[in-house]
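Visitor: As a plain string of letters, each chain reads:
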Amino acid sequence: MSSRLRLLIACLATSVVLAPLIWMWSNSLMPDDYSVMDMGYADYGGGAAATAAGGHAGLHAGGMDITEIVADADRPADVKVHLVAEQGEFTLASGRTVSGYTLNGQSPGPEIRAVQGQLVEVTLENRSVPDGITLHWHGVDVPNAMDGVAGVTQDAVPKGGSYTYRFVAEQAGTYWYHSHQVSHEQVKGGLLGALVVMPEEQDPGLVDALALVHVYDGRHTVNGRERELAVPAPPGATVRVRAINTDNGVMSVWTSGAPYRLVAVDGNDVHDPGQVEDKAVLLTAGARADLEVVMPADGSGVRVEMGGTAVALGEPTPPTSKPERLLDLLDYGSPAPIGFDPADATRSFDYVIGRRPGFVDGRPGLWWTINGHLFPDVPMFTVTEGDIVRMHIENNSGDEHPMHLHGHHVVVLARDGVRATGSPWWTDSLNVADGGAYDVAFLADNPGVWMDHCHNLPHAAEGLVAHLMYTGFRTPFTIGGTADNTPE
Amino acid sequence: MRTAYRVLAYLIALEVVIQASMIAFAVAGLGIWVDEGGVFDSAAIESLEEGDLSFTGAVGMMIHGMNGMMIIPALALIFFIFSFFAKVPGGVKWAAFVLLAVVIQVGLGIFGHENAFFGLLHGVNALILLGLAMTAGARVGRARSVASTHAASSEPELV
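From first to last, the protein sequence lines are chains A and B. FYI, my numbering numbers position 322 of the first sequence as 322, with every residue one higher than the one before it. Numbering-wise, my numbering comes out as the position in the second sequence, counting from 1, plus 488.
Possibly wrong hints are sitting among the right ones.
Taking lysine to any residue and the SDA-like style, the derived pairs with C-alpha atoms no more than 25 Å apart in a straight line are [stated by the list, open to error]:
#1 A/Lys322 <-> B/Gly526
#2 B/Lys581 <-> A/Ser15
#3 B/Lys581 <-> A/Leu8
#4 B/Lys581 <-> A/Ala13
#5 B/Lys581 <-> A/Val17
#6 A/Lys322 <-> B/Glu537
#7 B/Lys581 <-> A/Thr14
Reference listing, derived: stretches of chain B covered by chain A, where coverage requires no fewer than 3 residues with Cβ under 8 Å from a Cβ of chain A [what the hints assert, rightly or not]:
#8 526-534
#9 539-546
#10 569-578
#11 596-605
Just so you know, the hints here were simulated from the structure itself, not pulled from any lab data. Just so you know, even glycine gets a beta-carbon here, dropped at the ideal spot from N, CA and C.
Bound-form chain A, shown alone:
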């Protein structure tokens, strides 16, 4: 073979190897500034398309600006909070100094407490966070403009700027708030806190113990304390422990010294919760669980384990190892009306998570897919206000995913084809195990543009993000842009 011919063949072979790679790479590059409404393709879930606007491209040609979807502007606030965010070193309640983010000089940020029905007004001020910040009210079905997602419902609050969030705390329960700007960094670094909405009528004898769990610098903490949090509780008292998992992994919660009842999941009361012994509750990333225990009459203590930390109620007791079995919410409690019939669903979506090699924004890697597509070519789940929506969430990606839909609570209909028979299992942070599948339903009753993403926040940053979009609404905000909006 002549050397010229050989060289030609070598060059051809090189282009055969490289050309598809370069093509895929250049195709994956994202513009500096884009609207999430232009992402991917519209998925109408078998329901009516956005006919008035003429399809996906026309979704935002008209419609109401989501910044107009706010709480009653004339109503005075019942709970007013001013939060100042700073970046830097700070000392945890445990005494350890870590670097990250604080709100009013502390992390976790101040606990916000409201009574059901009150209007909460939080002014967020960014004193020194260079990337900008927002606050998202995790699990609270706020008006869309208050959802706190940079580039979707607002611009990130720049250094020196501020933003006021106003919403009515409609539902009693345990929630939390966190930044949704560069969230995989800022949440990890401590830009978060607890939000507790108390019922209007509360048993005055009940001991209420908040337990916000977060890993700072590799150390597990509960309310900023390492190892355990001591909570005084007299014999015979009923204690409600509000566990919040703010990390990216799953957390197991169990008790020793007394059984428990799981009285609420993700801010929703469980109907008829039975007593549980020798079983752990699995809390996925972002999820909350309210456990109620009755302190033993003999004065001994109860320990509520939370993975690497614990809440010690009353007298200190030694740690115990995790029970082998998990509490299955599929058949826990007893059925109750959910307010709509999923059989009448007007939209039915698939949210199938996979993984494959490719490029996302020019970066090669093994990336998450949604319905077979890589970010940003993902479905835009499109609904109309009033729709009954079913969603089939399936995970074939080799990793588990805590799926979080903003602005709505979904009710679990079935897991791996097995129907739910217990209390209505309302959730906003659902752990979808590898190889597992859930069928869920919800009512499209909170218009706007909502994220529907994995709350293992690095996964979201890797593209495991889709959106739920109501026809007739549009967002003026963009990802990137002058505010440098980076919600994940």
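Got chain A; can you put chain B on it based on the hints?
Guide: Then chain B, alone, in the frame of chain A:
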């Protein structure tokens, strides 16, 4: 070009050695960290993957991941492309074997997160990859000695 072929082959072999030492470094450090009171659970695994656990050896996990997911696949791809030009007897074939072993290795590494037995094979395939890369590198020396004995008929090397 032959030199480049040989250097890349041995570099990939060296990377396998680095990978093995880094993961052992990380696992050893992790054990010590847990003994000292660190809690290793799902949240900690996520922190570790993000490079947020600060124990001696934690860097090994980061390097193993970055090397394995980015640098070695890139090296194997470049090696494969160079093999078209290097005129090493059987060079393209051996470079293709190396690339294939790297693809399998990455896959086994990833799927080890869902089935531990893939991790078992990940260890075996690492040594196969090492052997393939060493064999490919050694072929350049053989090619040279063959070329020098037939100096008259050898074509000029393309660079």
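Visitor: Verify the proposed pairing of A/Lys322 with B/Gly526, using a straight-line Cα cut of 25 Å.
Guide: holds, 17 Å
Visitor: Are at least 3 residues of the segment 526-534 of chain B within less than 8 Å of chain A when you compare beta carbons?
Guide: holds (count 8)
Visitor: Under 8 Å between beta-carbons, do enough residues of the segment 569-578 of chain B, three at least, approach chain A for the coverage claim to hold?
Guide: holds (count 4)
Visitor: Holds or violated: are the alpha carbons of B/Lys581 and A/Ala13 at most 25 Å from each other?
Guide: The hint holds at about 13 Å.
Visitor: Below or equal to 25 Å on CA atoms is what counts here, so check A/Lys322 against B/Glu537.
Guide: holds, 24 Å
Visitor: Are the Cα atoms of B/Lys581 and A/Leu8 separated by 25 Å or less?
Guide: Answer holds: B/Lys581 to A/Leu8 is near 18 Å, not above 25 Å.
Visitor: Check whether the Cα positions of B/Lys581 and A/Ser15 lie no farther apart than 25 Å.
Guide: Answer holds: B/Lys581 to A/Ser15 is near 18 Å, not above 25 Å.
Visitor: For the pair supplied as a hint, B/Lys581 and A/Val17, confirm whether the alpha-carbon distance does not exceed 25 Å.
Guide: Holds, because 15 Å separates the two Cα atoms, which is no more than 25 Å.
Visitor: Need the status of pair B/Lys581, A/Thr14: alpha-carbon distance at most 25 Å?
Guide: The given pair, whose Cα atoms are some 15 Å apart, holds under the 25 Å limit.
Visitor: Can the segment 596-605 of chain B be counted as covered by chain A under the rule of three residues or more with Cβ-Cβ separation shorter than 8 Å?
Guide: It holds: at least three residues are needed, and the segment 596-605 of chain B offers 4 whose Cβ sits within less than 8 Å of chain A.
Visitor: Are three or more residues of the segment 539-546 of chain B within 8 Å, CB to CB, of chain A?
Guide: Answer holds; 4 residues pass the 8 Å Cβ test.
Hint violations for this structure: none, all hints satisfied.
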